[in-house]
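Chain H is fixed; fit chain A onto it per the hints.
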Amino acid sequence: MRNAFSRLTIAAAVLAMCAACGGKKPPTTTASSAPNPFPASSATDTTPVSTPRPPDALPVPPDVNPNTRPYDNLSPDDINKQAILKPVFFAYDSDEIDEAGRKTLDSNAQILKEYKGWVLTVEGHCDERGTPEYNLSLGDRRAQAAKTYLLSLGINADRLKTVSYGKEFPYNPGHDESSWTQNRRAQFMVTAK
Amino acid sequence: MMLKHLLVVVGVGIATVTGLTTPAPRPAEIVARATQDPARPPQKQQSELVLALDNPSYQPRIGIPDFIATGGDAELQTAAKMLADVLAADLDFEREFLVVDRKASAAIPPAATPEAINFDRWRQLGADFVVYATMRRAGAEFTVDLKLLLARGTPPGQQRFGSEYSKCAMSNPRYCAHFIADDMHMKIRQVLGVARTKIAFASDRDATRQSGRFDPGSIGKEIYISDYDGANQRAATANRSLNINPTWLPDARGLAYASYVSKFPDIYVSLFDGRPPTRPAGGTDAIQNTLPAVSPDGTRIAFASGRGGRYDVYLVNRDGSNPRNLTPNTPNSDEGAPTWSPTGSQIAFTSDRTGTNQIWVVSADGLGLPKRLTSDQHSDAPTWSSLNYIAFTLGSGPGHDIAVIDLSKMEVRVLTDGIGSNKQPTVAPNARHIAFVTTRWGREQIGILDYPTGKSYRRVTESGNNTFPDWSPVPGGTSTATNKTARVPQ
Chain H
3 MRNAFSRLTI AAAVLAMCAA CGGKKPPTTT ASSAPNPFPA SSATDTTPVS
53 TPRPPDALPV PPDVNPNTRP YDNLSPDDIN KQAILKPVFF AYDSDEIDEA
103 GRKTLDSNAQ ILKEYKGWVL TVEGHCDERG TPEYNLSLGD RRAQAAKTYL
153 LSLGINADRL KTVSYGKEFP YNPGHDESSW TQNRRAQFMV TAK
Chain A
4 MMLKHLLVVV GVGIATVTGL TTPAPRPAEI VARATQDPAR PPQKQQSELV
54 LALDNPSYQP RIGIPDFIAT GGDAELQTAA KMLADVLAAD LDFEREFLVV
104 DRKASAAIPP AATPEAINFD RWRQLGADFV VYATMRRAGA EFTVDLKLLL
154 ARGTPPGQQR FGSEYSKCAM SNPRYCAHFI ADDMHMKIRQ VLGVARTKIA
204 FASDRDATRQ SGRFDPGSIG KEIYISDYDG ANQRAATANR SLNINPTWLP
254 DARGLAYASY VSKFPDIYVS LFDGRPPTRP AGGTDAIQNT LPAVSPDGTR
304 IAFASGRGGR YDVYLVNRDG SNPRNLTPNT PNSDEGAPTW SPTGSQIAFT
354 SDRTGTNQIW VVSADGLGLP KRLTSDQHSD APTWSSLNYI AFTLGSGPGH
404 DIAVIDLSKM EVRVLTDGIG SNKQPTVAPN ARHIAFVTTR WGREQIGILD
454 YPTGKSYRRV TESGNNTFPD WSPVPGGTST ATNKTARVPQ
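Those sequence lines, one after another, are chains H and A.
Sequential numbering of the first sequence, starting at 3, is according to the working numbering.
Sequential numbering of the second sequence, starting at 4, is according to the working numbering.
Bound conformation, chain H alone (with noise of 0.2 Å):
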């Protein structure tokens, strides 16, 4: 689990230094409310979990034959569970989208314009201090500002659902500020590709 998920963070980490390379601004290195994308939970998780497939050849060059792309042999689950899409974080009480959540949902875009055939489903949580009531509402916002930040990068909406479990499912079930840090965000789970 620990090693997927450092994997996982040097890919994102090269991913954003190719988007700085096309061009774009480089990323600023922002004492940003996002923890590292699901590191390892403190919790012990009972379910085995087979070793990830590491994301061989990132990113994907545009001359490169489509039938060799990374992902092409992963399943849904397989994708879900080495979290390709990345997780947005959000500030307490907030859905708003700060600056390293618009890179998480750059690369996020990138990812789906180059996979046009999968389709998922933007899932907005929550921490445990909310009200259970309040978090409903609250994470069917957060999983609705994913969504339109995703649609204004030009994802089509019919690749989109939502769904807001509020803070029925946290990623980590621990009851501290890393944990609810962690738990405060918005999903991707691919559903169909």
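Worth flagging that the hints you see were computed from the coordinates, not collected in a lab.
Among the hints, erroneous ones may be present.
What the hints assert, rightly or not - Taking lysine-lysine and the DSSO-like style, the derived pairs with C-alpha atoms no more than 27 Å apart in a straight line are:
#1 H:LYS118 with A:LYS266
#2 A:LYS84 with A:LYS170
#3 A:LYS106 with A:LYS458
#4 H:LYS115 with A:LYS266
#5 A:LYS84 with A:LYS106
#6 H:LYS118 with H:LYS83
#7 H:LYS195 with A:LYS266
#8 H:LYS163 with H:LYS118
#9 H:LYS163 with H:LYS115
#10 H:LYS195 with H:LYS163
#11 H:LYS163 with H:LYS83
#12 H:LYS195 with H:LYS83
#13 H:LYS163 with A:LYS412
#14 A:LYS106 with H:LYS83
Below, chain A alone, put in the same frame as chain H:
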């Protein structure tokens, strides 16, 4: 036309969700018949104690020995002790009687006849009255003959209350005791007891991992039902998805709840008849619905839906007809968590239109402007009691408290003591108790406290995390809205 629509809704239910698990048989109703002591008919003697039995400002002290099942089989003997234990707990719960500790009175020898009761010993333990109850079995049923005897006087033993309870089920002696407790509360104290009520809630105790999800916290929740005293906890759904916010139909004949079994939240209504649930709000992945509240007459369901962008409170008829937005004029705020007034004429709900989540109230026909009830901290999960108060969750966390707003004075009062986080109140049908979610015992558990004292914490659940409690009506459909039995001890 309406029938056709209903069939379509039922059809969707069949395709997507299994119904509530096999319903528990509804107990055949027990028959109570008042009895008198033929030897000593009650006299109109105005002693202090005669007045005391129904004096609301005095708690009669009552001793409860094991019921007498002389000559009965082992099963009946076991039931005899259970009935006394459950009756004592039920009477103790309502605080209308002071029950002599059953451990202390266990040393008093059982009396086969009323004349053999050692009233001296009972008086030494403080008893004003002693229960004398005999049981006799007839096949799968048994009958209880219960008398309440005066422990004082010369001679002691005068009958002050008597009733025969027939058609008690051998398979469910606890229910028989609950019935007797409710009957004693009503006949002696003119109080609506809640011993036969249940509490529905959502629980993750089955620890079902969600297929296709890999985050450690994605544990499913099923709807569970418990007797009010924590006995007989059983799952009412078994779809291994996320099920939340159960809410009872009138007369406790079924539940509405929100389920993610189709991968998005929608309202499901299930009767305990084995048939698949209906989906009156007609959810799709574009029309998502949650937080149902059933009207007191059972004909309409209020719920929250984000179908128009931000969340609003919607109403729909039970058959799926006439869906309408009750809060259409606030496109930039979230409205949710509806609760019906006891008569069904008004709906309280939450709105963050002022910047923080507060409780508002509007006419159930949608006419007139909503009025704000609270104005301080984050407020959520209102639940309208039969006694003109609304209980709700107060505070933005991590700690919350249970608060009530008295609608006659518009005063907010915090009931919980600040230990752990306390949220999601649900009020007993007699308005004298509030069940809620609390972390005071570790994980999220259902607890009960008394209204208005905020005291007498009792624990209902033990395993897993348990949230979204909803207290059932009293079976038989007694309305407390205009009933003097909603009297609250001061």
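Verification of the hints:
1. H:LYS118 with A:LYS266: holds (22 Å)
2. A:LYS84 with A:LYS170: holds (18 Å)
3. A:LYS106 with A:LYS458: holds (23 Å)
4. H:LYS115 with A:LYS266: holds (25 Å)
5. A:LYS84 with A:LYS106: holds (12 Å)
6. H:LYS118 with H:LYS83: Holds. LYS118 (chain H) to LYS83 (chain H) sits at ~20 Å (cutoff 27 Å).
7. H:LYS195 with A:LYS266: holds (17 Å)
8. H:LYS163 with H:LYS118: Holds, because 15 Å separates the two Cα atoms, which is no more than 27 Å.
9. H:LYS163 with H:LYS115: Cα-Cα ~17 Å, so holds.
10. H:LYS195 with H:LYS163: Holds, because 14 Å separates the two Cα atoms, which is no more than 27 Å.
11. H:LYS163 with H:LYS83: Within the cut-off at roughly 19 Å; holds.
12. H:LYS195 with H:LYS83: holds (15 Å)
13. H:LYS163 with A:LYS412: This hinted pair is violated, its Cα atoms lying about 46 Å apart.
14. A:LYS106 with H:LYS83: violated (57 Å)
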